[in-house]
Every structure is written in C-alpha cells, then in structure tokens.
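Enquirer: Sequence:
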Amino acid sequence: MIICPNCGSTNDETTKICRKCGALLPISSRPPRLRVSPTKKEKKNKSESKNTSKEQKNNNNNIPEAYAEASFFSQKKTKEEKADLDLQDIPLEESNSEEINNELHDQDDFRESYNKKTLEEIEPSPYDGFVMSTNYSSSSKQQKKRQDDPIISEKAQDVNTQSRTTPHNKKRQLEEDMLNVLSVLSKKLDLPKYESKTAESREEADSVKEEIKPESMNEILSQLLNIDIQIEASAIIKTDGTILASAISDRISDSLFATIGQNLSMIGTDIIEGLNAGTLKSISVKGTEGVLDLAPIDTKTDSLKNMILIIFSHPKVKSGIINIAIYHVRKQIKQYLGL
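Here our numbering is used: position 194 in the sequence shown is 411, and no number is missing along the way.
Any given hint could turn out to be false.
[Claimed, not checked] Calculated cross-link-like contacts (lysine-lysine; reagent style DSS-like; alpha-carbon spacing at most 30 angstroms): (1) LYS548 x LYS517; (2) LYS551 x LYS517; (3) LYS533 x LYS548; (4) LYS535 x LYS522; (5) LYS387 x LYS455.
Worth flagging that the hints you see were computed from the coordinates, not collected in a lab.
Since we're looking at a predicted model, the values are computed, not measured.
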C-alpha cells in the first residue's frame, strides 16, 4: 500500500497516480514482495512427518533384538576364556627370603644399640660460649685454650659455683654499683643553680611598674580602648555635673555627658535607697545601635565618692565592660592623685 502525501488516501503499489486527487505517488526503492500460496508447503510437511515416524518405529523394533544377540554372544566368549586360562603360582627363591629376614633383624639390633648410646643422662651445666657469636670455630678454639690453662679453669669453676649458689647477690651488687656510679656522675656534673626570683625582687618589679603614673585624666580614658575597641566615648564627671575629663565622639558631647550623668546618678541612687538595696554599683541603658553604662568610681574613699564614669559604646561591646573599666580607672586615678 502507498499513502498519498497530498490527500492521505491509500492506493495500490502498482498505481503511480492517486485515485482521489490525481497527484503523483512516491516510488519506493524496495523491490515488490512475492506472495506464495501456503497450501503446498503444508502438504509436503505432512508427508515428510509421516515418513520419519515410520522409520523411527522400525529402528526401535530392531534395537532390542540386536542388543539381545550381542549380550548372548559376549557371555559365551567370557566363559570360554575363563576355562582356557591356566593360572600358576610363582615360586619364591629361598635365598631372597633369608636375606630379607636377616636385614630386618640387623635393623632392629641397630635401633636398640642406637637408643642405648644416645639416651644417656647428661649433667646440667651453664653455657660458657657466646650466643651471638658469628665465628663458631674461633669461639670453640678459645674455649679449648681456656680449659688448658689451669688458672683460668680454676677461676671459671669459682665463678660457676658462685653463680649457682648466690643468684640474688648479683642483683644487690648491680644495684650498689649503679648507685656508686650515679653518685660519682652527679658530683662531677653539678649544674649551676639559677637564683630563683624571690618575693623581694617581685615587689621591686611591681613597684617599678606602679611608678609609671598617667600624665592626665584624658590619658586614663584613652587607655580604655586597650580593653575593648568597641568603646566609642567616655567621661569622668562629678555628681553636680562638672566634667573632669572626656573623650567625645560625633554622637555625644560634653554637655550631654553632664546632663545624662547627673540625672541618671540621682535617679539610680534614689531607686536603690528607696528599695533598701544598698549602694549604687552600675547602670546600663541598651539600645539597638548603642549602649550607655554609668558607675561610681569608688564609694569608700572620700575624695572619689562624687566621681562617676560614663561609657558610650557599640552594641557589640563585651558584656560587663563597665566593671573592668571601673577597676582600671580607679587604679589609675589613685596613682595620678597619689592616694
């Protein structure tokens, strides 16, 4: 069948023009298929199958007869061959049998004599040679020479008797020898003793460090940056609002430090005294973009009671930075004032 590319109708393979639209049909390059009627092949296959079945039946009928004949004649042949065989015993020579018996007796005698000679008891004795010696011949010669010398042989006997009788004394002797050697070495190898730092030298060093006093209050505030870089501004003021020292920034000024410190310190002391909570230690006000901490420097000394430290820092500052800063500032102010 050929399908028309123009209208899609089916046409016979022999036609070249479409029967509907009249368009030229495509020509296939394949040769046309030959059609063969299937009736002749079926008849031939049936006749061949009948012939093969007949041949198989004839062969099956002939097989048992041939097998029976072959087995019958083979049995006859084996019986005749067995009857014809004349088996005879081979006589053994008397000389060979006697020689074999004599050899067996000799072997038994040799084994008995060998066992008697080899299985003799030997007294135990210590090994005098060298286990790791490579030249066995040289060590054996030296042993023979030592045995020939009477003095060496006597000493060897004495050593052997001592080693047998007193094995524990050797350990004691080794310990004593090692102690003596170590005592001599310790005397000869005396290392120079380094003088340890006494308490007096440490106090002198601390006093030297403490003698370096800050030049001004502003220098004390500038040293707070060594504690934390996030500290932006700081100030030391009195409770009445007077500024003693300040390190300002763009977001806070001296006037703000004065007003905030005065008001916060008054509010904090009033709240804590009203609650009977003791004395004010610190106040912290935290925001999203800044933290303000306030704390009195020293409430025990009379000259430092009215002083307040204020720190304005970034929110990433260390928590509890005001406590570290108060300890540092109190120490530096006491050195500055000579207290």
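Enquirer: Each of the hints needs a verdict: does it hold here or not?
Expert: Now the hints, each set against the structure:
Between LYS548 and LYS517, the direct Cα distance comes to roughly 14 angstroms. Compliance with the 30 angstroms bound is thereby established for this hinted pair. Our distance criterion of 30 angstroms between C-alpha atoms is met by LYS551 and LYS517, whose separation comes to about 13 angstroms. Our distance criterion of 30 angstroms between C-alpha atoms is met by LYS533 and LYS548, whose separation comes to about 26 angstroms. Taking the CA atoms of LYS535 and LYS522, the gap is near 26 angstroms; set against the 30 angstroms cutoff, the hint holds.
Between the alpha carbons of LYS387 and LYS455 the distance comes to roughly 87 angstroms, so the proposed pair goes past 30 angstroms and is violated.
Going down the numbered hints, you'll see the structure goes against just number 5.
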